[in-house]
Amino acid sequence: MSKTEQFNNSPVSEAALPQAENKPVMLRAQGITKSFGHFTVLKGVNLSLTLGERVILLGPNGAGKSTLMRILAMLARPSAGTLEIAGIPLSEARASIRSLIGIISHLTYLYEDLTARENLHFYGKLYGLSGELLDQRVAEMLVKVGLERRADQRVRYYSRGMQQRLSLARAILHQPPVLLLDEPDTGLDRHAAEMLAQIITEPDSQGQPRTVLMTTHNLERGLALSNRVVVLSSGRIVRETAANNLAADDVQSWYYDAIRR
Amino acid sequence: MDRARTAKQDRELETGSTRASFVLPAYLRVAWEVYRKDVRTELRTKEIFSAMSIFSLLVVMVFVFALPGKLKEAGDVAPGLLWIAFTFAGVLGLNRSFINEKDRGSLEGLLLVPTDRSAIFYGKALGNFTFIIIVELLLAPIFSLLFNFSVLRLELLPVLLLGTIGFAEIGTLFAAMAVNTRAREVLLPVLFFPIMLPVIIAASQSTAAILANRPFEEINSALGLMIFFDLIFLVVPALLFELVLEE
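So the sequence lines, in the order shown, correspond to chains S and F. Just so we're aligned, residue 0 is where the first sequence starts under numbering that gives the first Met the number 0, counting upward by one. Just so we're aligned, residue 0 is where the second sequence starts under numbering that gives the first Met the number 0, counting upward by one.
Everything labelled a hint here was simulated from the structure, so no lab data went into it. Do not rely on the hints blindly, as some may be mistaken.
Stated by the list, open to error - Facing chain F, from chain S, some residues (calculated, C-beta under 8 Å):
#, residue
1, A75
2, S98
3, L106
4, E111
Said to hold, decoys possible - Pairwise CB distance ranges, derived in the manner of DEER restraints:
#, chain 1, residue 1, chain 2, residue 2, range
5, F, L238, S, S78, 20 to 28 Å
6, S, A79, F, I141, 54 to 62 Å
7, F, S49, S, Y156, 20 to 28 Å
Said to hold, decoys possible - Far from chain F by the CB rule (all over 12 Å, computed), these chain S residues:
#, residue
8, K42
9, A138
10, R148
11, A150
12, L187
13, H190
14, A192
15, E193
16, Q251
17, Y254
18, D256
19, I258
From the three backbone atoms N, C-alpha and C, an ideal C-beta is built for every residue, glycine too.
Take the sequences, apply the hints, and build the full model.
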């Protein structure tokens, strides 16, 4: 029996998931439902990520991936369901738990008439960084994403890939323990994609592994970076498995089989 | 779970964002940084300021052609025309303040801020107030020349300030409401003018009374009305802004 076939019989293969090893749950979404008028985009999604887990979220266009990411980033309110970040329910500390999350989306969230350094300083200050710590962190991030030489150039003159790299620096500037990455490799060249992979997999400044939820259309790259794969289709999680259960050559058929059901 | 909570506490220590000791400064800091960012961006692009100034001058030109040879005698209607010019020009600026953020994809970045999102409102409103008052201070002398009245009067200052504060507060709130709608540029004036009307009327009447050298006591009720609106719309966004911007 091929690995693909192993998962064909059960919609969500819990047995094949990596063991949690009593790690703390960093992100827990339960029964997340989102409707726009009569149209329901998400239908009771349950998803948990433990500390250090890197999960790739796959799904066809319109499956609800971006909507789910926006809800997890607290940019949209779910119609129903609960959300906890690092064990703190959203209802308890809606504003302050936003500092536990870093997000990259299709939008870069950058100001094109500010320089890269000014953009990072602005976001750093919003997250409560200041003084030498902020200067040091900004300099560090610019080096990390390879933009230190063009740090004082306005973002307007950056290519899409450079903007995406700066957006990555913005997302990790405040050292969030949870990263939500919605197609973070858009516009990145090979070198920048490696940079992204390094940032995702390295521990944060406190030595803790990052907890990452990522959507991508690049299955091969996504599999290499993740330790769990979740498939969202028509607003439901239809299948999930440990990434090491899937070889790059059979993930395609596994995936298409999942979304056809 | 304990480890997760500890991670958060560590972060709070690092960023100084504990509830008890840091909520107010963090809130004010966010508002101030949003304001500084808006002013810095505007100084570079001059996008909002140039649109508002040119449009307000065009409105004045329309009045000049609409009242040929009667400008000097039009003193009674001049305060009303002055506030109409301020209002039309101001709406342009209000519209751009959120549309620019939305279209360039930075509005969501602001929404990620780890404090109450109403801080964004106060930063934006202060920015809009600054841009509008600068345009008003440029436009008033031109009106003064054309309509033969002097604006260099200290009594006009509270009217100008109260009217503009109300304008910036109400306009910023409605601009945020309109930005997520399809017909946002049309919707803002439609929502904004009916609510803003009492402030515009009170400001016009007060300006007219001051220019006619009537006693200051006559405008007490108009000033009171403007203060009332300014206070209401200073408080309301703190309660509503989070909902206004969220999907």
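Now for the hints, and whether the structure bears them out:
Interface restraint check: A75 (chain S) against chain F, minimum CB-CB distance 4 Å, threshold 8 Å, status holds. Given the 8 Å rule on beta carbons, the hint for S98 (chain S) holds: about 4 Å separates it from the nearest Cβ of chain F. Satisfaction of the interface hint for L106 (chain S) is found here, the shortest Cβ-Cβ separation to chain F being roughly 3 Å, below the 8 Å cut-off. Using the Cβ-Cβ criterion of 8 Å, the hint placing E111 (chain S) at the interface with chain F is satisfied: the shortest such distance is roughly 6 Å.
Here the CB-CB span from L238 (chain F) to S78 (chain S) is close to 22 Å, well matched to the stated 20 to 28 Å. For A79 (chain S) and I141 (chain F), the Cβ-Cβ distance of about 57 Å falls inside the hinted range of 54 to 62 Å, so the restraint holds. Checking the proposed 20 to 28 Å range against S49 (chain F) and Y156 (chain S) shows it holds: the Cβ atoms sit about 22 Å from each other. No Cβ of chain F comes within 12 Å of the Cβ of K42 (chain S); the nearest lies about 18 Å off, and the non-interface call holds.
No Cβ of chain F approaches the Cβ of A138 (chain S) within 12 Å, the least distance being about 17 Å, so the stated non-interface status holds. Remark: the non-interface label on R148 (chain S) is consistent with the geometry, its nearest Cβ contact in chain F lying 22 Å away (cut-off 12 Å). Every CB of chain F is more than 12 Å from the CB of A150 (chain S) (nearest about 16 Å), matching its label as outside the interface. Against the 12 Å criterion, L187 (chain S) stays outside the reach of chain F, whose nearest CB is about 17 Å from its own CB.
Once the 12 Å rule is applied to beta carbons, H190 (chain S) is consistent with being away from chain F; the minimum gap is 24 Å. With a least beta-carbon separation of about 21 Å from chain F, A192 (chain S) lies farther than 12 Å from that chain, consistent with its non-interface assignment. At roughly 25 Å from the closest C-beta of chain F, the C-beta of E193 (chain S) stays outside 12 Å, upholding its exclusion from the interface. The beta carbon of Q251 (chain S) is kept farther than 12 Å from every beta carbon of chain F, the shortest such distance being approximately 32 Å.
Residue-level check passed: Y254 (chain S) sits 29 Å from the nearest beta carbon of chain F, beyond 12 Å. With 12 Å as the threshold on Cβ separation, the claim that D256 (chain S) sits away from chain F holds: the shortest Cβ distance comes to roughly 33 Å. For I258 (chain S), the condition that its CB be more than 12 Å from all CB atoms of chain F holds, with the nearest at approximately 26 Å.
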